[in-house]
Amino acid sequence: MTAANVYQQRPTTGAKAESSLHHADLASLVGKGRKNAGVTVREKKLLGHLTLRGDGHDAAFAAGVHKALGIELPGALQVIVKGETSLQWLGPDEWLLIVPSGEEFAAEQNLRAALGDLHIQIVNVSGGQQILELSGPNVRDVLMKSTSYDVHPNNFPVGKAVGTVFAKSQLVIRHTAEDTWELLIRRSFSDYWWLWLQDASAEFGLSVQA
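Note that this note's numbering has the sequence shown beginning at 3, numbered continuously upward.
Incorrect hints may have been included.
Stated by the list, open to error - Here are the simulated DSS-like pairs of lysine-lysine, each with C-alpha atoms no more than 27 Å apart in a straight line:
1. Lys34 - Lys46
2. Lys37 - Lys162
3. Lys69 - Lys162
4. Lys84 - Lys34
5. Lys170 - Lys37
6. Lys170 - Lys147
7. Lys147 - Lys162
8. Lys34 - Lys47
9. Lys34 - Lys162
10. Lys69 - Lys84
11. Lys47 - Lys37
12. Lys84 - Lys46
13. Lys162 - Lys47
14. Lys46 - Lys147
To be verified - Each pair of labels, with its calculated beta carbon distance range:
15. Glu86 - His121: 38 to 44 Å
16. Gly16 - Asp95: 21 to 27 Å
17. Ala62 - Gly16: 24 to 30 Å
18. Tyr194 - Gly104: 27 to 33 Å
19. Thr182 - Glu20: 24 to 30 Å
20. Asp57 - Val32: 40 to 46 Å
21. His25 - Asp57: 23 to 29 Å
22. Glu180 - Pro102: 35 to 41 Å
23. Asp181 - Glu86: 16 to 22 Å
24. Gly93 - Ala61: 40 to 46 Å
25. Ala212 - Asp95: 24 to 30 Å
26. Asp57 - His154: 22 to 28 Å
27. Leu31 - Ser150: 38 to 44 Å
28. Ala179 - Glu20: 26 to 32 Å
Please keep in mind that the hints were generated in silico from the structure rather than gathered at the bench. By construction, the Cβ of each residue, glycine as well, lies at the ideal position given by its N, Cα and C atoms.
Please model the entire structure based on the sequences and the hints provided.
In structure tokens:
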């Protein structure tokens, strides 16, 4: 058995955490957008993001993940959402787990306990990325402006997630519900994508949700 050093990466009590769009003060924009806006954006900030690597063809690995999370291991280009937790396929041996803020360390411990001596890797990447949720009847139109990837319902149903070029940069698009999509973005690009979304959504109306 290989020893693994596991660390609780949460800051000490009293430390102030800020999202990468803190400077944009999105809270001050709630309720100020166009009435019946075609696109609504919500910043899902400060969530726990963990990458999990293992052998997806190993039944013991899949069973251990299900035991720890209560979620089946997603197949290629799939994301499974259960409440506030989601598990997304990133590659043949890699998945992304997103949990509510403060639950990432417990999730990692549960996974390590359930997966035992299996050859795995779990990395906390919470500080490097975040999610913008887009909802409304015109979200697909904004996506069509921003990426060459085919977002037609026949090709991009609910439950699908892909990494692609978006507004000349890289991100992950996740279709989590009808008329609801998530952009998994790198923290350092947050301001760029926020400015892009404001421009791309202007003709449909953009509102901000807390």
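Consistency of the hints with the structure:
1. Lys34 - Lys46: Roughly 19 Å between the alpha carbons, so the hint for Lys34 and Lys46 holds.
2. Lys37 - Lys162: Measuring from Cα to Cα gives roughly 30 Å; hence the hint is violated.
3. Lys69 - Lys162: holds, 23 Å
4. Lys84 - Lys34: violated, 31 Å
5. Lys170 - Lys37: With Cα atoms ~30 Å apart, Lys170 and Lys37 exceed 27 Å; violated.
6. Lys170 - Lys147: OK: Lys170 and Lys147 at ~11 Å, within 27 Å.
7. Lys147 - Lys162: holds, 19 Å
8. Lys34 - Lys47: holds, 20 Å
9. Lys34 - Lys162: Answer violated: Lys34 to Lys162 is near 32 Å, above 27 Å.
10. Lys69 - Lys84: holds, 14 Å
11. Lys47 - Lys37: Distance ~25 Å between Lys47 and Lys37 Cα, so the pair holds.
12. Lys84 - Lys46: Holds: Lys84 and Lys46 sit about 16 Å apart, inside 27 Å.
13. Lys162 - Lys47: holds, 22 Å
14. Lys46 - Lys147: The hint holds at about 23 Å.
15. Glu86 - His121: 38 to 44 Å: Because 29 Å falls outside the window, the suggested range is violated.
16. Gly16 - Asp95: 21 to 27 Å: violated, 39 Å
17. Ala62 - Gly16: 24 to 30 Å: Violated, since Ala62 and Gly16 (Cβ atoms, about 42 Å apart) do not stay within the stated range.
18. Tyr194 - Gly104: 27 to 33 Å: holds, 28 Å
19. Thr182 - Glu20: 24 to 30 Å: holds, 25 Å
20. Asp57 - Val32: 40 to 46 Å: holds, 45 Å
21. His25 - Asp57: 23 to 29 Å: Hint violated: Cβ distance 42 Å, outside 23 to 29 Å.
22. Glu180 - Pro102: 35 to 41 Å: violated, 23 Å
23. Asp181 - Glu86: 16 to 22 Å: holds, 19 Å
24. Gly93 - Ala61: 40 to 46 Å: Violated - the Cβ-Cβ distance for Gly93 and Ala61, about 19 Å, lies outside 40 to 46 Å.
25. Ala212 - Asp95: 24 to 30 Å: This hint is violated: roughly 37 Å between Cβ atoms.
26. Asp57 - His154: 22 to 28 Å: violated, 34 Å
27. Leu31 - Ser150: 38 to 44 Å: The hinted range 38 to 44 Å is violated for Leu31 and Ser150, with Cβ atoms some 30 Å apart.
28. Ala179 - Glu20: 26 to 32 Å: holds, 28 Å
Hint violations for this structure: numbers 2, 4, 5, 9, 15, 16, 17, 21, 22, 24, 25, 26 and 27, all remaining hints satisfied.
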